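Work out the full structure, taking the sequences as your base and the hints as a guide.
There are 2 protein chains.
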Amino acid sequence: MRAADARSSIIREILKVTQRPEVISFAGGLPSPATFPVDALREAFGAVLQAAGPAALQYSATEGDDALRAWVAARETAKGIPTSPEQVLIVAGSQQGLDLIGKALIDTGSTVLVESPTYLGALQAFALFQPKFRELPIDAEGLQPAAIDAAAARDARFAYVMPNFQNPTGRTLSRERRAALADKARALDLWLVEDDPYGELWYRQAPPPGLRLFAPERTIRLGSFSKILSPGLRLGFVIAPQAFIDVLVRLKQATDLHTSTLAQRAAAHVVTSGLLESHLPQIRARYAAQCEVMLEALRANFPREARWTQPDGGMFVWVELPAGVDATRLLDAAIARNVAFVPGAAFYANAPRANTLRLSFVTVPPERIRAGVAILGELLRERVADAVKA
Amino acid sequence: MRAADARSSIIREILKVTQRPEVISFAGGLPSPATFPVDALREAFGAVLQAAGPAALQYSATEGDDALRAWVAARETAKGIPTSPEQVLIVAGSQQGLDLIGKALIDTGSTVLVESPTYLGALQAFALFQPKFRELPIDAEGLQPAAIDAAAARDARFAYVMPNFQNPTGRTLSRERRAALADKARALDLWLVEDDPYGELWYRQAPPPGLRLFAPERTIRLGSFSKILSPGLRLGFVIAPQAFIDVLVRLKQATDLHTSTLAQRAAAHVVTSGLLESHLPQIRARYAAQCEVMLEALRANFPREARWTQPDGGMFVWVELPAGVDATRLLDAAIARNVAFVPGAAFYANAPRANTLRLSFVTVPPERIRAGVAILGELLRERVADAVKA
Chain G
1444 MRAADARSSI
1454 IREILKVTQR
1464 PEVISFAGGL
1474 PSPATFPVDA
1484 LREAFGAVLQ
1494 AAGPAALQYS
1504 ATEGDDALRA
1514 WVAARETAKG
1524 IPTSPEQVLI
1534 VAGSQQGLDL
1544 IGKALIDTGS
1554 TVLVESPTYL
1564 GALQAFALFQ
1574 PKFRELPIDA
1584 EGLQPAAIDA
1594 AAARDARFAY
1604 VMPNFQNPTG
1614 RTLSRERRAA
1624 LADKARALDL
1634 WLVEDDPYGE
1644 LWYRQAPPPG
1654 LRLFAPERTI
1664 RLGSFSKILS
1674 PGLRLGFVIA
1684 PQAFIDVLVR
1694 LKQATDLHTS
1704 TLAQRAAAHV
1714 VTSGLLESHL
1724 PQIRARYAAQ
1734 CEVMLEALRA
1744 NFPREARWTQ
1754 PDGGMFVWVE
1764 LPAGVDATRL
1774 LDAAIARNVA
1784 FVPGAAFYAN
1794 APRANTLRLS
1804 FVTVPPERIR
1814 AGVAILGELL
1824 RERVADAVKA
Chain D
1444 MRAADARSSI
1454 IREILKVTQR
1464 PEVISFAGGL
1474 PSPATFPVDA
1484 LREAFGAVLQ
1494 AAGPAALQYS
1504 ATEGDDALRA
1514 WVAARETAKG
1524 IPTSPEQVLI
1534 VAGSQQGLDL
1544 IGKALIDTGS
1554 TVLVESPTYL
1564 GALQAFALFQ
1574 PKFRELPIDA
1584 EGLQPAAIDA
1594 AAARDARFAY
1604 VMPNFQNPTG
1614 RTLSRERRAA
1624 LADKARALDL
1634 WLVEDDPYGE
1644 LWYRQAPPPG
1654 LRLFAPERTI
1664 RLGSFSKILS
1674 PGLRLGFVIA
1684 PQAFIDVLVR
1694 LKQATDLHTS
1704 TLAQRAAAHV
1714 VTSGLLESHL
1724 PQIRARYAAQ
1734 CEVMLEALRA
1744 NFPREARWTQ
1754 PDGGMFVWVE
1764 LPAGVDATRL
1774 LDAAIARNVA
1784 FVPGAAFYAN
1794 APRANTLRLS
1804 FVTVPPERIR
1814 AGVAILGELL
1824 RERVADAVKA
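For the protein sequence lines, the chains are G and D, in the order given. Each residue of the first sequence is one higher than the one before, counting from 1444 in the working numbering. Each residue of the second sequence is one higher than the one before, counting from 1444 in the working numbering.
No wet-lab data here; the hints were simulated from the structure. No experiment lies behind these values; they were computed from the predicted model shown. Among the hints, erroneous ones may be present.
It does not matter which identical chain is meant; a pair holds if it fits inside one copy or across any two.
Taking lysine to aspartate or glutamate and the EDC-like style, the derived pairs with C-alpha atoms no more than 20 Å apart in a straight line are [claimed, not checked]:
(1) K1459 - E1506
(2) K1575 - D1689
(3) K1575 - D1550
(4) K1459 - D1755
(5) K1459 - D1689
Given below as structure tokens:
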């Protein structure tokens, strides 16, 4: 847990710096507040309290609100993956899903397979249950299923995967690899934990189908309302075989009884009204434009020795610097010039690569993206020149 | 965990039965929905979304909303126990506080001291971390501190106590015993986990001061908005020494990032408006009247061989039946006549006493309390007669 704590401290320190308004921050993981449907939610909370009154404020079932579960199941079914409401558990944000999965599947010292790099919050959630992490390599097409053999899977009950617009790399797992990963899971008796908070945030076309299409019987899918409605509501969901949902329900009951009755009903009110049909295209267009500004700025300013990902959706670009350049030292120099980002080392379970960094682009206005990347480029070119000399 | 699971199943089965409208249920643990300030909360959610807009829907600090933390600290300070906002963590209901405390303080196989009987949800929350439970005896004045000696405290890091109107017994720990318990905690190097969801629900006078008055440096206090505002919002708080709050903040970040931004702001809006000054007296008067109806009905209908508690607040009466009478069998007969309650055996960590039961009285109209208790009295008198014959 010490490594996770240290990573957490680094990010807390960065976030403190980025609260100064003069700082151009590519460090956050927050969605753009311009995408939150404030009026629709205000109307929804008012309407639910008006119509349901005290029932919207009472304790409710651990499984979640019936209407919201039904909506999640119908949406998944509409994507070609038949799903019943009984296969859905509503959670207090998908981070809670990670906690419950940790409780269900991790024994002290057992192995958890994670992408390298992976979502820091998942490492932190799982670390509470004291597993060993084993890193799986990823490339431009995402996780490499070929790397999962019997040796890699030893003592492991699940692989944790973010197939769409991954945090931190922005990469997407190809359809062929999804099918191959499902085959590996069956052959090696593994659960696949598919964390998909960004799947709806595609720019030009929807990503390939979810892992449940290929291995419904051994996929635990996590979804979130944080990037399509509001993160402050703390609403997410788990979709899994009903027997496993039953296990999670008992664990959630012991953990926090249930998710907010009122927030679930308000969210159900909004999503069943059809708001997302007009709302999601707006978010996608906004994020695509922001990403394009970032990629243009990188092309214009970063030295040719640096490489970066070309996301098809989501909120992040991942940069690989020349081998001699340490992103943590670069950060110190950048903060002195009022620019911030997260060094990539934070996202590795075991073996951090110092020459990587994550850039978040959805909350920064275009002119500030250009200004910030220009400063980073300048600092980088100095360092690359030094690294070449050394 | 198997015992906790079995208990959970029993209560789930009971709750299924009590969803039939013809059933008079003394089984629930729910507050009366008549006490929920629906209009004030509707106004609050609207006002917060109007004034703060997207900021009320964004991710926020794990520690909780500044205004709500300040209000909790000020209220505790006003009760004579100086408290700073930094000693307060907002949680998603006090049940989550139990989960975080379990994560912080329980190692597999370590000992947790609990009252006998105690709150079932605490046993379930702690059981996930696989401790051994050791039961501490309680009597009319609550937990007996004299029972906590070095042998009882061996391998234990904390004692879990509900000092006010305890669930399930309705009993209150006397002031003298609070002081003695604090002395024991110091002498034996124990944390005291003071769970106080019902403390505001006193009938005639406030209960004795909280354990933090006697041992602020080793008390972890859990409070809840569930019984004074609404359980469906899922809002509670932990008050503890700041160094321990810092530990809980890191654990909560890994568990669910933070509690709902919007719900916290709406609750802060309501409580800082002074609503509770008029609202709490109404809840107290209602619950006191409901309790009086229950106690009168017990006096009029239960055989003299039965004994029951005389709560000074809260939501529960605890009944001890003559030794030969099994409350679980009584429940079967009661359900056949459309009356339900929870057999007391569910509330014991290790050694259930079959001749006990819990009656919840705050959600049942007076005439149905009388009718339900009359039926239970009839069934009981038959059984007492049989037990005497046997």
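Original post:
Failing hints, ascending?
Top reply: Result: hints 2 and 4 break, sorted rising.
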